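Engineer: Turn these sequences into a full structure, and let the hints steer you where they fit.
Chain by chain, the residues:
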Amino acid sequence: MSQVTRRGPVEPRLNITPLIDVVFLLIVFFMLVNNIVTDEQPPVQLPDLDDPNVYAAEGDRRVIVNIVPEAEFDGELGPGQKEGEVLSRPGQAEFVQVGNRKWVIGEEGAMEDFRDFFGKMVQARMVNPDTPPNIMLRVDAAVYYAQVLPVMTNLQMAMAEALGGELAAATPVHLVAYQGQD
Amino acid sequence: MADRPDNPNADKPETPEIEIPDEQVVHHVSTRKKRKKGVGGEDMQLQMTSMIDVVFLLLIYFVITANFIIDEGTLLATMPGNSAERPTDAPPDPPIQIDLTSSDDGVTYNIMVNGQRIENATSLAAFMTNRVQSAQMASDDIVQIKPQGVVRWQHVVNVFNACVTAKLENVGFAP
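Sequence lines, in order, name chains A and B.
Quick note: the first sequence, position 181, residue 181 per our numbering, numbers continuous.
Quick note: the second sequence, position 112, residue 112 per our numbering, numbers continuous.
Do not take every clue at face value.
Distance ranges between label pairs, derived from CB positions [said to hold, decoys possible]:
| # | chain 1 | residue 1 | chain 2 | residue 2 | range |
| --- | --- | --- | --- | --- | --- |
| 1 | B | Ala138 | A | Gly165 | 22 to 30 Å |
| 2 | B | Gln45 | A | Arg101 | 28 to 36 Å |
| 3 | B | Ser50 | A | Tyr55 | 41 to 49 Å |
| 4 | B | Ile52 | A | Phe30 | 18 to 26 Å |
| 5 | A | Glu112 | B | Glu169 | 41 to 49 Å |
| 6 | B | Gln136 | A | Asp130 | 54 to 62 Å |
| 7 | A | Asp50 | B | Glu169 | 17 to 25 Å |
| 8 | A | Arg101 | B | Met44 | 52 to 60 Å |
| 9 | B | Pro95 | A | Glu166 | 17 to 25 Å |
| 10 | B | Phe62 | A | Asn128 | 32 to 40 Å |
| 11 | A | Asn34 | B | Asn130 | 29 to 37 Å |
| 12 | A | Gln123 | B | Glu169 | 27 to 35 Å |
| 13 | A | Met31 | B | Gln136 | 55 to 63 Å |
Only some residues are given here: those of chain A computed to face chain B with a beta carbon under 8 Å [unchecked claim]:
| # | residue |
| --- | --- |
| 14 | Leu49 |
| 15 | Asn53 |
| 16 | Tyr145 |
| 17 | Thr153 |
Just so you have them, the derived chain B footprint on chain A, three or more residues with Cβ under 8 Å [as the list claims (entries may be wrong)]:
| # | segment |
| --- | --- |
| 18 | 16-23 |
| 19 | 146-152 |
| 20 | 166-177 |
Just so you know, the hints here were simulated from the structure itself, not pulled from any lab data.
Note that the coordinates shown come from a computational prediction; the quantities given were computed from them, not determined experimentally.
Cβ coordinates follow ideal geometry from the N, Cα and C atoms, glycine included.
Structural biologist: Okay, here's the thing in structure tokens:
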């Protein structure tokens with residue numbers, strides 16, 4: 001605030017204490033958000049399609065089911081990686097992950113627990129009483145179908161339980177793949 | 001001035017000027033000026049150094065922890081075990097089944113549509129589009145993909161995508 005008084009202009013003074021407060025708030029905010037996002041979507045090499053007809057799912061209410069393979073994923077995500085390279089990795093799935101909880105496919109009681117938890121997540125994230133959230137199935141490209149099938153069937157059962165038969169039958173599941181380069 | 005009452009001192013003799021030496025003269029300094037100057041008596045300066053340090057720290061932190069997420073798109077699918085509802089009461093046609101089997105080396109795969117072998121996903125898309133256009137099948141016919149257990153997810157989604165490219169609406173997985 002500069003003022004001009006009868007005695008001449010006054011030097012402006014900037015108080016930087018609130019600025020430092022805001023900066024620290026921003027740091028804390030971004031650190032928290034980073035953690036939440038990396039929890040929900042573990043690194044997975046998604047299928048790379050020949051002619052992708054995928055679209056971006058609208059709506060930010062979603063439940064993401066991840067199937068992560070056993071092979072140590074080196075974090076190099078990318079479409080256009082040659083098929084041989086992707087598919088030479090072992091296809092055994094290590095676990096199914098929803099949020100930050102993981103279950104091993106085939107372990108006793110794991111699938112019931114998964115159904116239970118998934119049902120609760122869906123109910124908790126309903127957009128409104130007749131609109132369920134987007135359910136996204138993020139599976140690594142190298143995983144065997146035999147590992148994905150039980151997850152899909154359990155998913156359907158959980159949806160039927162949580163939403164009721166009719167709504168569950170009308171709710172599609174989104175399969176996630178790379179969008180491809182423009 | 002003429003209407004003013006008479007100055008009572010008008011006729012008094014002039015008071016002699018008294019000389020006061022300079023060091024004893026008190027110059028009046030207003031207290032307002034004193035308050036404005038502040039404790040230090042000097043102007044305050046903005047310290048930019050610390051702020052620049054914090055900003056650079058923030059920048060470096062976010063540059064190091066940033067990972068660029070490649071765009072992920074989605075395909076809509078119905079799950080196995082979900083009975084897709086047909087709009088009409090017509091007797092349900094048997095769903096068109098796409099079998100995916102894996103050859104021995106685990107990398108190549110075969111697609112069979114109702115017994116007919118297709119080369120790869122791209123020709124599958126062309127094949128399906130052809131059939132829809134020539135009215136051999138409708139775009140809302142139920143198509144079920146039935147992969148073998150050892151087929152990798154990559155191929156499954158590729159076939160799925162091919163069906164979506166052919167504008168088929170009811171594509172799902174076989175129970």
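Engineer: Could you run down the list of hints and mark each one as holding or not?
Structural biologist: Now for the hints, and whether the structure bears them out:
1. B:Ala138 with A:Gly165: 22 to 30 Å: 26 Å, holds
2. B:Gln45 with A:Arg101: 28 to 36 Å: Taking Cβ atoms as reference, Gln45 of chain B and Arg101 of chain A lie about 55 Å apart, which means the hint is violated.
3. B:Ser50 with A:Tyr55: 41 to 49 Å: For Tyr55 of chain A against Ser50 of chain B, whose Cβ atoms are near 48 Å apart, the range 41 to 49 Å holds.
4. B:Ile52 with A:Phe30: 18 to 26 Å: 19 Å, holds
5. A:Glu112 with B:Glu169: 41 to 49 Å: 33 Å, violated
6. B:Gln136 with A:Asp130: 54 to 62 Å: 37 Å, violated
7. A:Asp50 with B:Glu169: 17 to 25 Å: 21 Å, holds
8. A:Arg101 with B:Met44: 52 to 60 Å: Because 55 Å falls inside the window, the suggested range holds.
9. B:Pro95 with A:Glu166: 17 to 25 Å: Once the Cβ atoms are compared, 21 Å apart, the range 17 to 25 Å for Glu166 of chain A and Pro95 of chain B holds.
10. B:Phe62 with A:Asn128: 32 to 40 Å: 36 Å, holds
11. A:Asn34 with B:Asn130: 29 to 37 Å: Between Asn34 of chain A and Asn130 of chain B, where Cβ atoms are some 48 Å apart, the hint is violated.
12. A:Gln123 with B:Glu169: 27 to 35 Å: Given range 27 to 35 Å: holds, Cβ gap about 28 Å.
13. A:Met31 with B:Gln136: 55 to 63 Å: Cβ of Met31 of chain A to Cβ of Gln136 of chain B: about 58 Å, so the range 55 to 63 Å holds.
14. Leu49: 5 Å, holds
15. Asn53: 5 Å, holds
16. Tyr145: Nearest chain B Cβ about 4 Å off; hint holds.
17. Thr153: Constraint on Thr153 of chain A satisfied, holds at 5 Å.
18. 16-23: holds (count 4)
19. 146-152: holds (count 4)
20. 166-177: This one holds; 9 residues, not fewer than the three required, reach chain B with a Cβ under 8 Å.
In summary, the structure is inconsistent with hints 2, 5, 6 and 11 from the numbered list given earlier, while agreeing with the others.
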